[in-house]
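Asker: Each chain, written out:
Number of protein chains: 2
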Amino acid sequence: MATQEDKNLRLKRSKSLNQADDFRKCEEIVRQLQPDKPCHKYQDSLFSWSSGFNDFNGFVNWAFVLLMMGGIRLLLENLLKYGIRIDPNVWLLLLFGGNGKEHNAALLLLTFVSYSYYMIRKLKFGFISDGIVPIFLSLFIEKAMAKRIFSENIGFAIQIINITYVIILPMILITTYSKRFGLLGATTVCMTYSIIFLKLWSYIQVNMWCRKQRNEKLLHKMKESVSFSNCLHKEKSSNNKGVNEVNLHLVIYPDNLNIQDIVYFMFIPTLCYELNFPRTDRIRKRFIVKRILELIIGVHVLAALFQQWIIPSVKHSLIPFTNMDILKSIERMLKLSIPNHLLWLVMFYLLFHSWLNFIGEIFHFADRNFYLDWWNATNSNVFWRKWNTVVHRWALRHVYLPMVDIGYSKFVASTAVFFISAFFHEFLVSVPLGIFRSWAFVGMMLQIPLSSVSMYMEKHYGPRLGNVTVWLSLILGQPLCIMMYYHDYVISHYGKALIEQFGHL
Amino acid sequence: MATQEDKNLRLKRSKSLNQADDFRKCEEIVRQLQPDKPCHKYQDSLFSWSSGFNDFNGFVNWAFVLLMMGGIRLLLENLLKYGIRIDPNVWLLLLFGGNGKEHNAALLLLTFVSYSYYMIRKLKFGFISDGIVPIFLSLFIEKAMAKRIFSENIGFAIQIINITYVIILPMILITTYSKRFGLLGATTVCMTYSIIFLKLWSYIQVNMWCRKQRNEKLLHKMKESVSFSNCLHKEKSSNNKGVNEVNLHLVIYPDNLNIQDIVYFMFIPTLCYELNFPRTDRIRKRFIVKRILELIIGVHVLAALFQQWIIPSVKHSLIPFTNMDILKSIERMLKLSIPNHLLWLVMFYLLFHSWLNFIGEIFHFADRNFYLDWWNATNSNVFWRKWNTVVHRWALRHVYLPMVDIGYSKFVASTAVFFISAFFHEFLVSVPLGIFRSWAFVGMMLQIPLSSVSMYMEKHYGPRLGNVTVWLSLILGQPLCIMMYYHDYVISHYGKALIEQFGHL
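Line by line, the protein sequences give chains S and F.
33 is the number of the first residue of the first sequence in the working numbering; add one for each residue after it.
33 is the number of the first residue of the second sequence in the working numbering; add one for each residue after it.
No incorrect hints appear here.
Listed next, with one range per pair, are the computed distances between beta-carbon atoms: (1) F:W81 x S:L327: 15 to 25 Å; (2) F:I358 x S:S82: 44 to 54 Å; (3) S:S82 x F:K491: 32 to 42 Å; (4) F:Y381 x S:K57: 26 to 36 Å; (5) S:L512 x F:L65: 42 to 52 Å; (6) S:F443 x F:V333: 42 to 52 Å; (7) F:L497 x S:S82: 29 to 39 Å.
No wet-lab data here; the hints were simulated from the structure.
Glycine included, C-beta positions come from ideal geometry on N, C-alpha and C.
Bound conformation, chain S alone (with noise of 0.2 Å):
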């Protein structure tokens, strides 16, 4: 009975409702034939809900205008402050270091030869320390395993102490002789050094791998994908070639196992070491003119950006620092934080995209997965998987899958994981600085709860705010981190005298 009655109600009101409706479209229609000329009629205004209008793209533009014009301004203010500080002498003094031997480093870096002669000759170092003898050391070990002369255990063994001594070489040669290279010059040092250590550990695992699969049931394996292989090919390998061409490209174990192996994947722009790269088939000469013009003008905007704008901002930001003044810390702190940033995307660019595509282009190396499209990246797991992909597919085959392959938890094994980046980024920082503190390193570990802290922020606020929780992370976590470093740099080198006296001023 009550819903029969309601339904009338509703019908008398949508009759109602509609005859409103039609009364005002009448009284519209009459109201339009008059001499007035109306032209007023019945809206809301776009920013009311009511009228369901949302296209703010405009602002996108807004933002990008307001971004450009800060800038713009941030460079003038510069200007007039400081004037021009670019200086190229500086670039060669920071490369090379400033006591007379100026090509330590660059000697150490582009021959090795001619390196190794030079550390026997002027630092009297009674063996040959170079980057080279590990590598080979390496391949001769690879070999003894494969021919059965050593075990599996007493090879892999020597190879541990052969790529440990690759990390602590640099450590012991730059705490040392810190003067004969530059900040810039064992930055590269290490960094070099780092990578061969990386790369090594790849070709000690796969080689293994390889090992263990011969020792089981390697040549039926292979008889059947050639047998696969063949029948893919049964028409045309009757005119030509194929599979025999097949079976001639691809390596295997341990045919692998030779000099000119082991030099090709030192150089190609990977650290994970397999027994048959992609190849392309020729070398794009347009693409590589363009790669070496990026890198020289990019180089020299660089540098020209440290000097003109780092530089000054660390310098003053020393003070408010060091007297743990918040409100000027946070000032300097953001000051800092957008010419760091740009720089950082620079070098992004610079190393990810034309530096390691030149060199992938040289070799012949197909695979130029070297970063995805992290600016996109909702939380700081898929910004770290995404960044620099050349380091987490390495990380991921040689850390992550065998840890959990022996039985390891997923969380233990990322842990893991960043607990070997974050070694690899204190040992880039503090070896070159010659000071050991371990902001880098808990900054890296800190990635941790940054991971969960952004999750939760894609989760409950949708992706927009997880991707800008990231932006933040990047933006304001390294300059905090180089004013950590630069304010320890000081103190170390120049005592605390000096930054009270700097106080008073």
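Fit chain F to the known structure of chain S by using the hints.
Answerer: Just chain F now, with coordinates in the frame of chain S:
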């Protein structure tokens, strides 16, 4: 023959390509079966054109994050440099003037009657020089013309004198008694009188249209429209009084010529008069409360922004601006443009959304089209059509279309619109400041070449760059005008000596 050969060649080539493809596939299958867990494949980097990748949405968030950080830094820098400058006493001073007679502008705006009384008593003005007189005079003349007491020509002449008086009155009053009005009070008075002027113009013109129509075939048309509405409501009219209501609701000339009608028109948020405005059925209380809250908070934010950010910025820009120190002037201008632009955005929202919607809701005015999506404007013509539809509608209906109807070209008509707009911009700035330069006028007239530039940008470089041009003209044009006026204001009030003295500091 040649084509046949070509075809054969192509066929051969594609065959060899297919074979190469098959070969590569086969090679890949065998490679994947090897025990070295291959992880590389043929692929390009995302930044290479050949990758076809173009999802850079994350950089939109990046821009907003950097913008927000830059804003917070500027706020902090400002606080550290100047401390807290917000002082509500100054607000009252700006609004009401400073020599003990604090109520001039408030009374002038809030109560017409007490203002008139005040003017007679305090300023010893011989006659009631009120905004209210021209309004009622206008109504009186229209009534006389409707009753054919005045001829069209005489009535029109009187009306022109009447509305000219409306615009000259505040010029004389404010210039003569400049110390009795604060700067903000004087601006608001000028704004009010400008609005009365534009409304009366519309009122006079619409009534003229109605009289013309009446003289021709008004009665015939009205009969038609009523019979049309009759036909719509044929069935319902037997039950209720739909049609009668329509006829009762719609006002027909000259029934509109009464005090209630003209006073309602003066209060509602539109400049275009018509006989039957669309009206809402009820006043939404929540809507009103929201708009009031926005206004209260917004006005305080505006005042605080102005005192804390704009005033120091303008003061610091004066010296480089006077000395024609170009680089420094540009830097100052860019620094000023950000807070100025933010102020303008907040002001836009408060005036065009909060205030006009509030007034509209109170007076049951249903047409809330006060602005359109100007932020998406791809050239400055579109911007001027969209950002202030209240004035644009007036200019279109009462200047542009009548001029085009008479036979002027579209360019002349739109130039006339810009000319009137330029006059009012100048009027609203020069009269309160008490200095008659032509920067605002020139700025508005420069919109004509600017519109060509932005349309060129849109046509040749796409809508995005057109939109960027519009934003740049907005963000950079305004602070330039402000600096010019401030500079001239200081010079005319304090003399060049002051600036030279500052210059030595």
